[in-house]
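Engineer: Chains A and B supply the protein sequences, listed in that same order. The opening position of the first sequence corresponds to residue 0 in numbering that gives the first Met the number 0, with each subsequent residue numbered one higher. The opening position of the second sequence corresponds to residue 0 in numbering that gives the first Met the number 0, with each subsequent residue numbered one higher.
You may find that some hints are simply not true.
[To be verified] So, partial list: chain A residues that the calculated Cβ filter (under 10 Å) puts toward chain B:
no.	residue
1	356
2	361
3	368
4	379
5	385
[To be verified] Here are the simulated lysine-lysine pairs, DSSO-like style, with alpha carbons at most 27 Å apart:
no.	chain 1	residue 1	chain 2	residue 2
6	A	378	B	126
7	A	115	A	137
8	B	20	B	5
9	B	105	B	5
10	A	378	B	5
11	A	378	B	20
12	B	5	B	126
13	A	174	A	137
What the hints contain is simulated information worked out from the structure, not anything from laboratory work. Yeah, the Cβ is synthetic: ideal placement off N, Cα and C, and Gly gets one too.
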Amino acid sequence: MSRGYDTREAPRQLSTRKSGSLVYLWNAFRRLPKRLITERAGGLQSDQSAPFLLHSVTPSPPSLPPASARPRPITSYGGSIATRLALGTVVLVALVTSVVVLELNRLEWDRLVESKRSAAQMVALVMAGSLAPALDFKDDDAVQERVDGLNANPEILQATVLGNGKPEPTAQYRKPSGADCAADDCIEVLHPIVNPTGDRLGSIQLRVSLNREREAFGQTRRNMIALGAIFSLGLASALVLIARRLLVSPLARLERAALGLASGEPVAVPVQRDDEIGRLSRTFNSMAQIIDERERRIAASNRRLQNLLDHMGQAIVVFDAQGRLTEEHSRLAARIFGAGAGALVVEQLYPASDGAEMEREAFQAWVEAAFAGDAAQFKEIVDLAPRAVTFRRADQELELDLEYRLIDGGEHSQQIMLLATDVTEKRRLERSVAQKDREHEQQLSAVRRLVSGGGQQFAGFVEHSQRRLGVCRELLNAHPTLDRPTVEALFQQFHTLRAEARCFDLARIEARVTQLESVLQELRGELDPNGNHDVRLGVDELAELLAEAEQTFVAQHPLGAAALDQLTVRRSRLLSLLDATRHSDAALRAQIQELAKRPLVESTALLPEAVARWAQRAGKNVRLEVEPNGIEVPHALAGVLGGVFSHLLRNAIAHGIESETERQAAGKPGQGIVTISGVESEDGVSIRVADDGRGFNVEAIQARAHGVSPGAHLALSAAFESGVSTIVTRGELAGAGVGLAAARAELTSAGYCIRITSTSDQGTELLLTPMSGTNTALVSAGLAARKA
Amino acid sequence: MSVAGKVLVIDDSEMVLERVKSRLQRESYEVATTSQPVGAARHLLLCDLVILDFHMPGMNGQEVLRSLKMLGASSGAAPLYFLYTSDKVLSRGYRELGFDGTLLNKGDDESLVEQVAVALRLAKLRKKLAPPKE
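With the rest of the complex left out, here is chain B (with noise of 0.2 Å):
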């Protein structure tokens, strides 16, 4: 069921960003992890998703977001942007803050896993249907 694919996962919380890695790393996805959105693009080349969460220590996800995506575009790095957040009216409003989608249910390992499958074959046809570069 499993794809294989690169995840990189920011969050301000270490016990988190430690599950998270450890359960995705069971079901064989390679995980980097960081808790220091500065310096997290370093980590975007040949990354299939990017998991983050919104409320963070002096910035939120939205400028996270915007400054990696201008990064990651300046290096060719075209992964899927995912909103990870336990408030059901943040995960709701994803597209308008310029997420690519939400995993639902923070906190509960079953389901994340189900969640980044689906995120990671969304992000593996995406880059299947986009045009050739150039």
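With the rest of the complex left out, here is chain A (with noise of 0.2 Å):
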């Protein structure tokens, strides 16, 4: 009973034992009768609702244990408990009677000899009377006479007479059969003979026979032998019947009620009387009661268990130290792997026709490692074993999870629990996604570079690729069976585009090139009037990927397609040209410094990233927006931006924007957003760029100022004077007090200035803006709000 499952545990066990409560589970249900699992499984096998059930290959029959472990009656070859009473009571009184008969039998003899010795002696008397007279006359033939008168008497075997100092007998009479008697068939007497004066004369001496009382002895003694065993057998029949009546068939009944209850059958014995016997039955009815109210207990323990494993959607199997399954599986374990106790578990995962020598070779070792160790190591052996098996079938390829429980661990692990989890799906979808968010990547990467690298190589490359497939398709017509010198100029055709497409990181366009140059490599080799369809497909499908491509980078480029029309000029020849026409007239000038400016999203295109990274560095969460309106600034302002953005956006991110607790308290949105966008008015070109953070500390600046910009006599503008810093702890980003500085200092030398409005906790806006006289100064139109 000490492995008895104890179901006041279960449920207490369950809730607290969280961690590793499947093999707490398991073990609860190892632990339920072999008989009861069997049964309960057998049971609820008919229920199609249950799609989990342990045993359910090849139930039992729910009614019986096995022969074996099925109780059975002991076999007696002394009979039962009556026969075996009969035949000792029968013993003991044929002792007892024997025993009785002798003693009553030696009684009976001496009772005989005496009184036949009494009667002998009486005859004696009467002889030794009627002899004296003669005797005493010495009258020796009346003697004889008298003597020989006893002949008569058939029992007297020897008379003799012996006269007084006499040596001879005076007479004698004997019997010629019986005189020589053996001692225990006759017996002696000796009379003597007086006169009547009381002189002893002589004596007479008589032998007498026992036949007589010796044959009514024997008679005597035979009837009580049997009476003896008459009565003997009536006893033991007597005790036979009543040891039948009150102790076997009460035993026998509860026999057949303990096999019953072994079976699982409802039983009850009747309870007749009110001694041992029926204590006995009544013990046992209450018994049997408790145990199947156990049985119950256990069975919808069984049940709930049952019910949490189907649940768990993972095949289960269990294997020893041999690497063999056991019995114990689960259903979706029955349906994977198909194989039933005795089966090798790395044959179900590693089947040898999957050639994974390999991994076959180190599960063994893996399971040889884990039995070999105590329960202890078995956290660290587990740590070695194969944690994924990617299953083959004939029909299906499963891709399984797997995780290890010890079961019973004790000294040395007993059992281990394989748990195989079905992630096939959840593996493709990842692989899906992972394969594209490489390819997204990889087109992100693609775009970036060309756009700030102009695009006008990549508007090349589509071009002179288009041109190449163009050269491709005239080949394949002009020469319907490919002969060796067209498959060669295909062949430098193919070469130069997969070339050129691995510069541009279009890895698609790369992989189908070299596709089509394996084919090439094929026909160079043997010439297949197929060859040409195929190469065909291969071009049509290129040209494909290649205007997708081409639709990828209008679409990231903030000029649309208007950035296939872009052309690099080095910016040393533009002002070399400026400068030759300074005194030229003042719309050429115009011209050459609109043929001068440069796309503002040249100056933004690596922005976004490096914003996400400096925000992350400051422990903040802040996303660049670039409004995309195909905006262009004057070469001179292009030159410094680059500078000025990144002076100003780590700014913003270091002081400007708030960490996302301080903005969720302050009620937005826990990223931050810094936007920058181009104006156009009839001054020129604009940049804005504006954060919805906290805007400036005036008082902080303020501060700081004094003493550095005395004659600054607004905060904000203080902030742009050198050492002067906008944020009151010095950090990695900013704090040095320069960059916004720098920022201006740059802007004037390409003729712009900044003009600020801070709004106190709505944000700040920075308008680059081109010099004038209206606008030289650094006017703050947010303060006084931010004041109020």
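Each of the two chains sits in its own frame; use the hints to bring them together as a complex.
Structural biologist: Here it is, written out as structure tokens:
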């Protein structure tokens, strides 16, 4: 009973032992009586709503346990209790009767002998009386005559009369047949013969036969033995009947009930008396009732355990130290592995037909190590177990995640539970997502590089590639059956196309061209009439891929399709041209200035990634949005914008945008946004950099500006003085008090200034505008609002 | 999934070495590489797995293997020696050649990672199961 399942414990442990609960459940399940598990599983198997059952493959008959485990009546060669009791009684009675009879016989015999002796004494007395006169007168003849008269008595075997003082008998009578009888067969009596005066005359000796007494005694003895035997048999029969009624029959009923109980049948034995058997029957009935209730509770617990297992969605098998599966397994396991008890677990995971020799060897070594160590070492050993396997069968390929649990871990592990989770679909989705992510990342990466480089190289690549594909089509049209020179010509076109595609990270085009090169490689060795068709399909597909890449580029470029029309011109040559036309008319100079303009996006293309990086470093969540409106900026401004944006954005991240917590506390979205946009006006192009942060800390700037820029009465303008930081604590991104001053200097050199609008808790807007007579001073329109 | 371990790769191609090293390091393995079999023994100590190319100039993998095993045994190092080749016929006979295993699909980095993980597990398990030294 020490391994019995305690149903009172189960709910408490299920709720408290969350980790490893499966092993606990399994252990509890295993501790259930085998017959019960079999019975319940068999019973539930008919219920189609239970998809996950133990012993579900070959359930045992529900009624009886295996014959070997079933209790059987004990076969006794000594017969039943009644028979043994009767025999014992008979033997005992026979012994006692025999002793009694023998004793009675002895007494009877003694009595007979004594009676005979008395009778003989009487005869001797009478004879002595009658012989006395004759002997006194010495009449020997008369003595002899009287002695001879004794022959009338057949029992007197011998009579001898001895005269006083005579050595020889005076008279003697002897029956011829009985003179030498044995001592036990006769008795002798001696009686004196005296005269009336009392003088002793002699004596008479009689020897008397006991034959008649012996015959009578023999008859009596036979009668007594017969009676004793009859008494013993009667007594034994009576005892047998009583024992059968009082002991054997009730015990037989209890035996039958015990067998029924062992078979799981509801049993009760009748209680007819209040003796020991009656009390035993009552106790048995109570026990049967308790067992039945207990089995019901266990069955209920079993169903609950099975329900839990049903929802785990794992294929579960158990294997022993030899790596062989035990009987316990889930229905899902039976469906996936299909093997029964005794099969090798390594064969299930890595069938020899799969050729996974190393995996098999490693798994077998792991099983050996797992069972060689104790339970404490299992945690370490399990790290060396395979955690996933691709399970191949004729009609399916499953990806399984594997987990291992030790069962009954004592000093040495006895069994290991293997839980296999089908993750085929999950892995497929993960791979698909990862592939898409990679493709997307590659496209974005390529496009960013293209955009930052101006795009004209990509435009040239597209144009050249389309021309190459045109050449290929012409070759294919001219040579329906590809000859060697045509193959070589095609090879050259594809080879160059592949190299160029690789430069632009166009992996799909590169892969397709590689395939086509393989086809051409084969056609080099052996001309194939179908080769033309295959290559033509490839060319068409490449044209589609090329168009796709071009569309991606155009979609990503702020200038749109116009980006394909871009041309890179060296700044030095443009400046030389401007210088050479210094004295030319204004219209020509304006045209050249226009020609020298650069797209704003050239200065912003790499900023989104940089902003994300800077924000992460500052522990904030910031996104940069660049409004793609195709604005072009003067070349002088374009030359400094990179550095200016860097200063302004780092400053905005460092102290303009709040932390996520602060923003959420202020009712703002957790992610701060910085926007860059371009505005065209009569005065020229202005650039707007705005954030939705907390705005400038005017008091802090004023405090730090003291003594540095005493003439600067506006705090915001003081922020652009060198040495005045807009942030209280100097950090990695900003705080040195140099960035904004440097930005202003850069902009001034390009003929631009900064207008600031800062609104408390709403954000800051920096407007980079061309210098003119009206806006050379820094103005803070938002300052008033902040102070209010 | 990955089991930490130290791997020595011997191949005459620097390109293969660089690829294998880069890929295995991404899986957090400690990787040593050499294109010179002579002198490779100094990497053997504390090494769990040796990945060996077979066709190398001047010396084939079997000779290198024999030499490494001899030197390894004398220094107490007992790594597993795995053949790394794309030659399928050669792969099948790895046991006869004296290797503990073979890594298939040479050039397929993902397959390499999976196989190295298995090989390292095997190496650690063999060490665990080995009788303790006197």
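Engineer: Run every hint past the structure and note whether it holds.
Structural biologist: Now the hints, each set against the structure:
1. 356: Holds, because the Cβ-Cβ distance from residue 356 of chain A to chain B comes to roughly 8 Å (cut-off 10 Å).
2. 361: This hint holds: residue 361 of chain A lies near chain B, its Cβ roughly 4 Å from the closest one there, short of 10 Å.
3. 368: Since chain B brings a Cβ to about 5 Å from residue 368 of chain A, closer than 10 Å, the hint holds.
4. 379: 9 Å, holds
5. 385: Holds: closest Cβ of chain B sits about 7 Å from residue 385 of chain A, inside 10 Å.
6. A:378 to B:126: The given pair, whose Cα atoms are some 17 Å apart, holds under the 27 Å limit.
7. A:115 to A:137: Given that 27 Å is the threshold and the Cα spacing comes to 31 Å, the pair is violated.
8. B:20 to B:5: It holds: about 11 Å lies between the C-alpha atoms, which stays within 27 Å.
9. B:105 to B:5: 20 Å, holds
10. A:378 to B:5: 22 Å, holds
11. A:378 to B:20: 30 Å, violated
12. B:5 to B:126: Holds, because 14 Å separates the two Cα atoms, which is no more than 27 Å.
13. A:174 to A:137: OK: residue 174 of chain A and residue 137 of chain A at ~25 Å, within 27 Å.
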